[in-house]
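Just so you know, the sequences run in chain order H and X. Numbering of the first sequence is given in the working numbering, commencing with residue 46 and proceeding in unit increments. Numbering of the second sequence is given in the working numbering, commencing with residue 43 and proceeding in unit increments.
Just so you know, the hints here were simulated from the structure itself, not pulled from any lab data. Treat the hints loosely; a few may be bogus.
Using C-beta positions, here's what the derived DEER-type ranges look like [unchecked claim]: (1) X/Glu124 <-> H/Lys54: 32 to 38 Å; (2) X/Pro250 <-> H/Arg271: 36 to 42 Å; (3) X/Arg233 <-> H/Ile79: 49 to 55 Å; (4) H/Gly73 <-> X/Ile256: 45 to 51 Å; (5) X/Ser190 <-> H/Asp129: 17 to 23 Å; (6) X/His150 <-> H/Pro225: 34 to 40 Å; (7) H/Gly73 <-> X/Gly218: 24 to 30 Å; (8) H/Pro225 <-> X/Gly119: 45 to 51 Å; (9) H/Val188 <-> X/Gly218: 44 to 50 Å; (10) H/Val188 <-> X/Lys64: 53 to 59 Å; (11) H/Val188 <-> X/Leu149: 30 to 36 Å; (12) H/Leu256 <-> X/His150: 32 to 38 Å; (13) H/Asp129 <-> X/Ala222: 25 to 31 Å; (14) H/Ala237 <-> X/Glu183: 55 to 61 Å.
Simulated crosslink set (SDA-like; lysine to any residue; CA at most 20 Å straight-line) [claimed, not checked]: (15) H/Lys54 <-> X/Ala161; (16) X/Lys252 <-> X/Thr232; (17) X/Lys252 <-> X/Asp236; (18) X/Lys252 <-> X/Ala221; (19) H/Lys54 <-> H/Leu259; (20) X/Lys194 <-> H/Asp130; (21) X/Lys194 <-> H/His128; (22) X/Lys194 <-> H/Asp129; (23) X/Lys252 <-> X/Val94; (24) H/Lys54 <-> X/Ser158; (25) H/Lys54 <-> X/Glu155; (26) X/Lys194 <-> H/Gly131; (27) H/Lys54 <-> X/Gly166; (28) X/Lys252 <-> X/Arg233; (29) X/Lys64 <-> X/Glu122; (30) H/Lys54 <-> X/Gly167; (31) X/Lys252 <-> X/Arg62; (32) X/Lys194 <-> X/Thr245; (33) H/Lys54 <-> X/Gly162; (34) H/Lys54 <-> X/Val205; (35) X/Lys252 <-> X/Glu214; (36) X/Lys194 <-> H/Thr126; (37) X/Lys194 <-> X/Ala221; (38) H/Lys54 <-> H/Ser152; (39) X/Lys194 <-> X/Asn177; (40) X/Lys64 <-> X/Arg91.
Every value quoted in this text rests on a predicted model; they were computed, and no experiment measured them. All residues carry an ideal CB built from backbone N, CA and C; glycine is no exception.
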Amino acid sequence: MRIGPGEMKSAFAAVISRDLSLAVRQGGNIGTAIGFFLTVIVLLPLGLGPDQQLLQRIAPGALWIALLLSVLLSADRLYQTDHDDGSLEIMALSSTPLEVVVLAKASVHWLTSGLPLAIAAPVLGFLLNLDTALILPLGIAMVTGSLALSLLASLGAAITVGLRQGGLLVSLLVLPLYVPVMIFGVLASSGAQSGIDNSGTALIILVAIVLAALVVTPFASAAALRSYMR
Amino acid sequence: MALWSNFTFNDGLFALNTARMKIVGQQLACERGGRLVFAGVDFTARAGRMLVLRGPNGAGKTSLLRLIAGLSEPAGGTLELEEASLPPDTLLGEHVHFIAHQDAIKLHLSVTENLSFWAGFFGGGDVAGAMAAMNLTALGEFQAQRLSAGQKRRLGLARLALVEKPVWLLDEPTVGLDAASLQLLADMMTRHLDGAGIIIASTHIELPVKSSDILDFAGLADRAG
Chain H
46 MRIGPGEMKS AFAAVISRDL SLAVRQGGNI GTAIGFFLTV IVLLPLGLGP
96 DQQLLQRIAP GALWIALLLS VLLSADRLYQ TDHDDGSLEI MALSSTPLEV
146 VVLAKASVHW LTSGLPLAIA APVLGFLLNL DTALILPLGI AMVTGSLALS
196 LLASLGAAIT VGLRQGGLLV SLLVLPLYVP VMIFGVLASS GAQSGIDNSG
246 TALIILVAIV LAALVVTPFA SAAALRSYMR
Chain X
43 MALWSNFTFN DGLFALNTAR MKIVGQQLAC ERGGRLVFAG VDFTARAGRM
93 LVLRGPNGAG KTSLLRLIAG LSEPAGGTLE LEEASLPPDT LLGEHVHFIA
143 HQDAIKLHLS VTENLSFWAG FFGGGDVAGA MAAMNLTALG EFQAQRLSAG
193 QKRRLGLARL ALVEKPVWLL DEPTVGLDAA SLQLLADMMT RHLDGAGIII
243 ASTHIELPVK SSDILDFAGL ADRAG
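So here's chain X without its partners, still in its complex pose (with noise of 0.2 Å):
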């Protein structure tokens, strides 16, 4: 397992002090396909604890995390990362870890292999510390298209302990998982939260991780008109 105990990560391009760290967004607003999604989202996410989206399908959960990912422009509204020691011009993308709904695994690859292609495309990497993070270890020389989808899963999550990075953005990450998954995920994600780490997260049931905050988006559909 990678060294949490300090609060500087090194996620290969160059040791990033987190422990100040903040995701500031002020009057976001999306829209996606000319439709406006939400607007007026006011957030601050804060070094080592979780903040909790929640809201009904279709509330713009996914398009918030795509936005602070840096995959997608706001309509509206400043998005900032504050109080860390990066060049102004950083991009937030390069220090997010983002687990979407789809598992970014290939179905014809072994697990190890999976794992090890992202090791290589990160520039290095712990396989063997993600696949026992996620309790893939006896599954390492199956076939991706031969797990279950609650390993699938695993697998995608697995991600998460192979490359430090700062913030983790997780859109529905409890999917498919069971109970005993479901608490290696928890202790995943408190061991980031210790070592000074961002969560962003949504979901729909209640994770057993200390310390969160939860951003509503329920009464944001009424003032998106």
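If we strip away everything but chain H, and leave its shape as in the complex, we get (with noise of 0.2 Å):
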């Protein structure tokens, strides 16, 4: 092995720390996901009237489904700038594995849109009538899948990188890589609203989901981008 695990970690933490200050300058991604979140969570209750009992039953589907499509909607521009204005090639090009730089891209995706939507979900979980003791489980679950729904998303990031317009086609293929972790999700932060409480199961399920995504994703990442390259 030529390069060390010290040349990783300064590669990892400068690309992260760029993109952070990006994120924050261009506050773009945050503020569209945080809003259409908002907007999605104070629809339903409207659309589906007032019928408390109703709304307290789906709110863990609805949060859940609601920080799908949140974390989707900046899904497609995860590799797009770098893929642009050639920083990719670079990164490519250096001895730094391709796989540190998108594990490096999808941990600043999960900081500005998964982490910040699964904090607020529980909160904005009042305007659907949330049961109060479901706020911390339903928290945890958030906070634990979005990172696999930011692994995920880098992926079909990844895939659609060449593509102009990939927005719909990342949507598509990614989509039903979420539906594991929303079933588990789903169920880790309902506790026992469906009769028996299998939650603590389900959360350990998912936490498995997570670390399966964090293996394989960085790879087949890195390898889609690779072909764009050729």
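Two chains, each in its own frame: build the complex with the hints.
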């Protein structure tokens, strides 16, 4: 091995700090994701009517669906600017593996979309009459699950990076992969709402999905990005 | 400015003796999108000399540079790095500065921040020296989106002086540069050649750099058929 962990860490940190300051300065992604999330959650009770029981029953599922869609909203831009301005090629040529760059960019995506939404979700849950006992499990499940959402989003974004208007394609590619995350995410945040409390088991499976995504997606995304540069 | 006095490059990985380094391409062929761009290209790029790629638009100059960088694979022929004290499995890309048409800069970051990012990414670099080399010191706090096209080009080129790498692949590096900046670029290239570096550049204008070989693509288009 010619490259030490020191160089990789420095490259990882450099990408994270650059992308975070870009995200803060442009403001677009974080604002759009939270705005969209808020819109969906505000519109739901207006569309379904003031049935408190119904809202309480569907609250965890509705929050998860809103989270999935909001995370996807910013996914297609993940590698786009780096690809367009040539940064991605320079990064691919360096001794730092592209997998490290992918991991750094997926982390920034999580920090700027998944994490703020997961923190906001239990609060916005009051609009859906969310059971107060579920605030903590919902928060934990969402913070964990959104990690997998960002990793899978980075895979979709990498596969479509060379395409103009790849946005819809990212959604179509990634949504099927989001299904298991959502199923176990909702189960982990619903407590005993549906009768038996399986939330502990569901959370462990959710963590397993996150770990699997953490291992597989950086390699798959990096391979997709490399094939575009050929 | 970095130490160019001896013939040893240290690009952060290990010391690399480049005095006798050569990049040799034999009967190279390149395909892009199913179309044969060129075939039968032979060239040798030697340490301390610049190889200039000449030819009309679409002749395959950029394709050859991408091929040498390792961004694409040749459709035929061989590409070898000779006489360098490198492990045999070395990827050339790690030792290459590739200046493409895009400047690889972020418009929402300042000039200093752009260079600091690349310094951090490469694991260390001389930001102040790189800014001085391309006369960007006075522009340090400016956001890159406020720069003119020529200034953005200078910021892209400053990466060459940021981290030492033995091989420079330059694709039309002079586009948008004024006479003074052209001289700065030529000075930087001369220093690199004096330090036994290799430069392969495609350019339509005469660069004031001594000791260059020319690879002309003009006659190659016929052979590609």
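How the hints compare with the structure:
no.: 1; hint: X/Glu124 <-> H/Lys54: 32 to 38 Å; result: holds, 34 Å
no.: 2; hint: X/Pro250 <-> H/Arg271: 36 to 42 Å; result: holds, 37 Å
no.: 3; hint: X/Arg233 <-> H/Ile79: 49 to 55 Å; result: holds, 50 Å
no.: 4; hint: H/Gly73 <-> X/Ile256: 45 to 51 Å; result: holds, 47 Å
no.: 5; hint: X/Ser190 <-> H/Asp129: 17 to 23 Å; result: holds, 20 Å
no.: 6; hint: X/His150 <-> H/Pro225: 34 to 40 Å; result: holds, 36 Å
no.: 7; hint: H/Gly73 <-> X/Gly218: 24 to 30 Å; result: holds, 29 Å
no.: 8; hint: H/Pro225 <-> X/Gly119: 45 to 51 Å; result: holds, 47 Å
no.: 9; hint: H/Val188 <-> X/Gly218: 44 to 50 Å; result: holds, 47 Å
no.: 10; hint: H/Val188 <-> X/Lys64: 53 to 59 Å; result: holds, 54 Å
no.: 11; hint: H/Val188 <-> X/Leu149: 30 to 36 Å; result: holds, 32 Å
no.: 12; hint: H/Leu256 <-> X/His150: 32 to 38 Å; result: holds, 34 Å
no.: 13; hint: H/Asp129 <-> X/Ala222: 25 to 31 Å; result: holds, 29 Å
no.: 14; hint: H/Ala237 <-> X/Glu183: 55 to 61 Å; result: holds, 58 Å
no.: 15; hint: H/Lys54 <-> X/Ala161; result: holds, 13 Å
no.: 16; hint: X/Lys252 <-> X/Thr232; result: holds, 7 Å
no.: 17; hint: X/Lys252 <-> X/Asp236; result: holds, 10 Å
no.: 18; hint: X/Lys252 <-> X/Ala221; result: holds, 18 Å
no.: 19; hint: H/Lys54 <-> H/Leu259; result: holds, 17 Å
no.: 20; hint: X/Lys194 <-> H/Asp130; result: holds, 12 Å
no.: 21; hint: X/Lys194 <-> H/His128; result: holds, 17 Å
no.: 22; hint: X/Lys194 <-> H/Asp129; result: holds, 15 Å
no.: 23; hint: X/Lys252 <-> X/Val94; result: holds, 11 Å
no.: 24; hint: H/Lys54 <-> X/Ser158; result: holds, 15 Å
no.: 25; hint: H/Lys54 <-> X/Glu155; result: holds, 19 Å
no.: 26; hint: X/Lys194 <-> H/Gly131; result: holds, 13 Å
no.: 27; hint: H/Lys54 <-> X/Gly166; result: holds, 12 Å
no.: 28; hint: X/Lys252 <-> X/Arg233; result: holds, 11 Å
no.: 29; hint: X/Lys64 <-> X/Glu122; result: holds, 8 Å
no.: 30; hint: H/Lys54 <-> X/Gly167; result: holds, 16 Å
no.: 31; hint: X/Lys252 <-> X/Arg62; result: holds, 19 Å
no.: 32; hint: X/Lys194 <-> X/Thr245; result: holds, 18 Å
no.: 33; hint: H/Lys54 <-> X/Gly162; result: holds, 10 Å
no.: 34; hint: H/Lys54 <-> X/Val205; result: holds, 18 Å
no.: 35; hint: X/Lys252 <-> X/Glu214; result: holds, 18 Å
no.: 36; hint: X/Lys194 <-> H/Thr126; result: holds, 16 Å
no.: 37; hint: X/Lys194 <-> X/Ala221; result: holds, 15 Å
no.: 38; hint: H/Lys54 <-> H/Ser152; result: holds, 14 Å
no.: 39; hint: X/Lys194 <-> X/Asn177; result: holds, 12 Å
no.: 40; hint: X/Lys64 <-> X/Arg91; result: holds, 10 Å
The earlier numbered hints are all upheld by this structure, with none contradicted.
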